[in-house]
Amino acid sequence: MINAGDTAFILVSSALVMFMTPGLALFYAGMVRNKNVLATIMQSFIIIGLVTLIWVLWGYSLAFGPDISGVVGSLSWFGLKGVGLSPSPDYANTIPHQAFMIFQCMFAIITPALITGAFAERMKFSALLVFIALWSTLVYSPLAHWVWGAGGWLGKLGALDFAGGTVVHISSGVSALAAVLIISKRKGYGKEQFIPHNLPMTITGTAILWFGWFGFNAGSALGSNGLAAGAFVTTHVAAAVASLSWMFAEWILHGKPTTLGAASGAVAGLVAITPAAGFVSPISAVIIGGLAGVICYMGVLAKSKLGYDDSLDVVGIHGLGGTWGALATGLFASTAVNPDGANGLFFGNPGQLWIQFLSIVATCIFAFVMTFVILKILDAIMGLRVSEEEEVRGLDVTQHSETGYSF
Amino acid sequence: MKKIEAIIKPFKLDEVKEGLMEIDVKGMTVTEVKGFGRQKGHTEIYRGAEYRVDFVPKVRIEVVVPAELLSEAVKVIEHRAKTGQIGDGKIFVSSLEEAIRIRTGERGKEAI
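These protein sequence lines map, in sequence, to chains B and H. With this note's numbering, letter number 376 in the first sequence gets 376, and the count goes up by one each step, no holes. Every number in this note's numbering is 1000 more than the matching position in the second sequence, counting from 1.
Honestly, the hints are just simulated from the structure, not real lab data. For clarity, every value in this text was computed on a predicted model and none was experimentally measured. Here a beta-carbon is modelled for each residue, glycine too, at the ideal position from N, C-alpha and C. Please note that a few of the clues may not be correct.
Simulated crosslink set (EDC-like; lysine to aspartate or glutamate; CA at most 20 Å straight-line) [unchecked claim]:
| id | chain 1 | residue 1 | chain 2 | residue 2 |
| --- | --- | --- | --- | --- |
| 1 | B | Lys185 | B | Asp379 |
| 2 | H | Lys1034 | H | Glu1098 |
| 3 | B | Lys191 | H | Glu1015 |
| 4 | B | Lys185 | H | Glu1062 |
| 5 | B | Lys305 | H | Asp1054 |
| 6 | H | Lys1017 | H | Glu1032 |
| 7 | B | Lys191 | H | Glu1044 |
| 8 | B | Lys303 | H | Glu1062 |
| 9 | B | Lys187 | H | Glu1032 |
| 10 | H | Lys1003 | H | Glu1032 |
| 11 | B | Lys256 | H | Glu1106 |
| 12 | B | Lys303 | H | Asp1054 |
| 13 | H | Lys1026 | H | Asp1088 |
| 14 | H | Lys1017 | H | Glu1062 |
| 15 | H | Lys1017 | H | Glu1005 |
| 16 | B | Lys191 | H | Glu1078 |
| 17 | B | Lys305 | H | Glu1044 |
| 18 | H | Lys1009 | H | Glu1078 |
Listed next, with one range per pair, are the computed distances between beta-carbon atoms [said to hold, decoys possible]:
| id | chain 1 | residue 1 | chain 2 | residue 2 | range |
| --- | --- | --- | --- | --- | --- |
| 19 | B | Lys256 | H | Glu1068 | 45 to 51 Å |
| 20 | H | Gly1108 | B | Thr259 | 33 to 39 Å |
| 21 | B | Met298 | H | Glu1044 | 37 to 43 Å |
| 22 | H | Phe1055 | B | Leu80 | 52 to 58 Å |
| 23 | B | Leu199 | H | Gln1085 | 50 to 56 Å |
| 24 | H | Gln1039 | B | Phe19 | 40 to 46 Å |
| 25 | H | Ile1086 | B | Ala302 | 47 to 53 Å |
| 26 | H | Asp1024 | B | Gly190 | 51 to 57 Å |
| 27 | B | Phe19 | H | Gly1084 | 29 to 35 Å |
| 28 | B | Phe407 | H | Phe1055 | 48 to 54 Å |
Over 10 Å on every C-beta distance to chain H, these chain B residues come out as not near it, computed from the model [said to hold, decoys possible]:
| id | residue |
| --- | --- |
| 29 | Ala15 |
| 30 | Gly261 |
| 31 | Ser264 |
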């Protein structure tokens, strides 16, 4: 039975999650040098187009279609065949199946867009398009099936992932790590200055991400109900506390509270609460967010020590924040908050932490290996990087024949 | 005629301008510039990565005065731009051959 309130809420949430990808584009674009501002925006923006097309043709079917051995959906819903306006028996049975499909589409869009921050300022646009098409098909859809698809093996195991800690954040963070290992550093990394060219743009992007995240997490309740309200609250609380904790950590270690630190902290908190949002109390969200800000800041600091060039810290924020969030779900989850969830370690069920750990390891191995193989093959066939000369001139002019600013 | 070129701290610009107007200097040109002297640059921090920025923002003012006003004008700039901290800037003085007011064609002191 279609419920009007639920349907309205999910459609609005879908729009909110859609808005996150342009928000991400601004978040990233402010941090690059001005010769790459448009190319960086474009890498996120065009994914809205590309992944939507893939999603309606075969992506949704592979992720949510009839189960094949718990690993992937079948292609029988190719082109949304049978995905109609009445509710699906398997997913969100109070809203039209197409509403569920388009809500999930927005998740499928932002996940690969997150990865683009890792290889910002050096990836060839044509190679990016092919990579995203392959990654969405071969990595995202199966992973979404494992956790959320009817019959998916991680879901059956009892892994808790409310809104995509493993599927969205760990997968993109780990894939980002594989990508930077293959694509390697930007020219001049460690010698030249890579100073963000427009931090107000980054802060604007952060605000849009935070706003959109209410659709991401509260919408994942798949109904307009108490669970949605709870997820909304934990989401906001974690982001708020993480922006403070990152800022204070930085203030103590580097002597100044920076705006980029506060913004990065907010995103780290949002990432960490994502798997936990509908399973934990607001006070647990304070702890999850507070630690997320510090953990991700440390991760970003470690990057410089390890010497790999994850340009915009996808590994440090999404990989690490997502991992912490997935583990934290195994610590703080409580059936008093959500009877359909499970108890975590702190509520007398240590087994949940082990299941969470397994789901993290499985996601990491799968995403890392698949991304590594896809990029190795693409590198051999078409090359992943722009030429050195193009990199120095900037991707805006060389890839798109445009410049972001004319003075 | 003399040309005074002074590189000063940006926040001192208003004080210097008011001082020069008080002694009847008729006009000035101001440019935002970047450079370094003994002050060198500063450090910026982005997500924990520290970057040295070698060029410090300054304001350059150019004033042309009749020779008899020179010492007073220089004194005003020197006093008003001074904080006593490193990075207060410098004043350069040079002789100027000719000045022309384009609208009227006046030459020399009349054109200043």
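For each hint, the structure was consulted:
| no. | hint | verdict |
| --- | --- | --- |
| 1 | B:Lys185 x B:Asp379 | holds (15 Å) |
| 2 | H:Lys1034 x H:Glu1098 | violated (29 Å) |
| 3 | B:Lys191 x H:Glu1015 | violated (40 Å) |
| 4 | B:Lys185 x H:Glu1062 | violated (45 Å) |
| 5 | B:Lys305 x H:Asp1054 | violated (24 Å) |
| 6 | H:Lys1017 x H:Glu1032 | holds (15 Å) |
| 7 | B:Lys191 x H:Glu1044 | holds (15 Å) |
| 8 | B:Lys303 x H:Glu1062 | violated (47 Å) |
| 9 | B:Lys187 x H:Glu1032 | violated (31 Å) |
| 10 | H:Lys1003 x H:Glu1032 | holds (18 Å) |
| 11 | B:Lys256 x H:Glu1106 | violated (56 Å) |
| 12 | B:Lys303 x H:Asp1054 | violated (25 Å) |
| 13 | H:Lys1026 x H:Asp1088 | violated (24 Å) |
| 14 | H:Lys1017 x H:Glu1062 | holds (11 Å) |
| 15 | H:Lys1017 x H:Glu1005 | holds (13 Å) |
| 16 | B:Lys191 x H:Glu1078 | violated (39 Å) |
| 17 | B:Lys305 x H:Glu1044 | holds (18 Å) |
| 18 | H:Lys1009 x H:Glu1078 | holds (12 Å) |
| 19 | B:Lys256 x H:Glu1068: 45 to 51 Å | holds (49 Å) |
| 20 | H:Gly1108 x B:Thr259: 33 to 39 Å | violated (53 Å) |
| 21 | B:Met298 x H:Glu1044: 37 to 43 Å | violated (21 Å) |
| 22 | H:Phe1055 x B:Leu80: 52 to 58 Å | holds (57 Å) |
| 23 | B:Leu199 x H:Gln1085: 50 to 56 Å | violated (27 Å) |
| 24 | H:Gln1039 x B:Phe19: 40 to 46 Å | holds (45 Å) |
| 25 | H:Ile1086 x B:Ala302: 47 to 53 Å | violated (36 Å) |
| 26 | H:Asp1024 x B:Gly190: 51 to 57 Å | holds (55 Å) |
| 27 | B:Phe19 x H:Gly1084: 29 to 35 Å | violated (52 Å) |
| 28 | B:Phe407 x H:Phe1055: 48 to 54 Å | violated (18 Å) |
| 29 | Ala15 | holds (31 Å) |
| 30 | Gly261 | violated (7 Å) |
| 31 | Ser264 | violated (6 Å) |
The structure fails to meet hints 2, 3, 4, 5, 8, 9, 11, 12, 13, 16, 20, 21, 23, 25, 27, 28, 30 and 31 from the earlier list, while all remaining hints are met.
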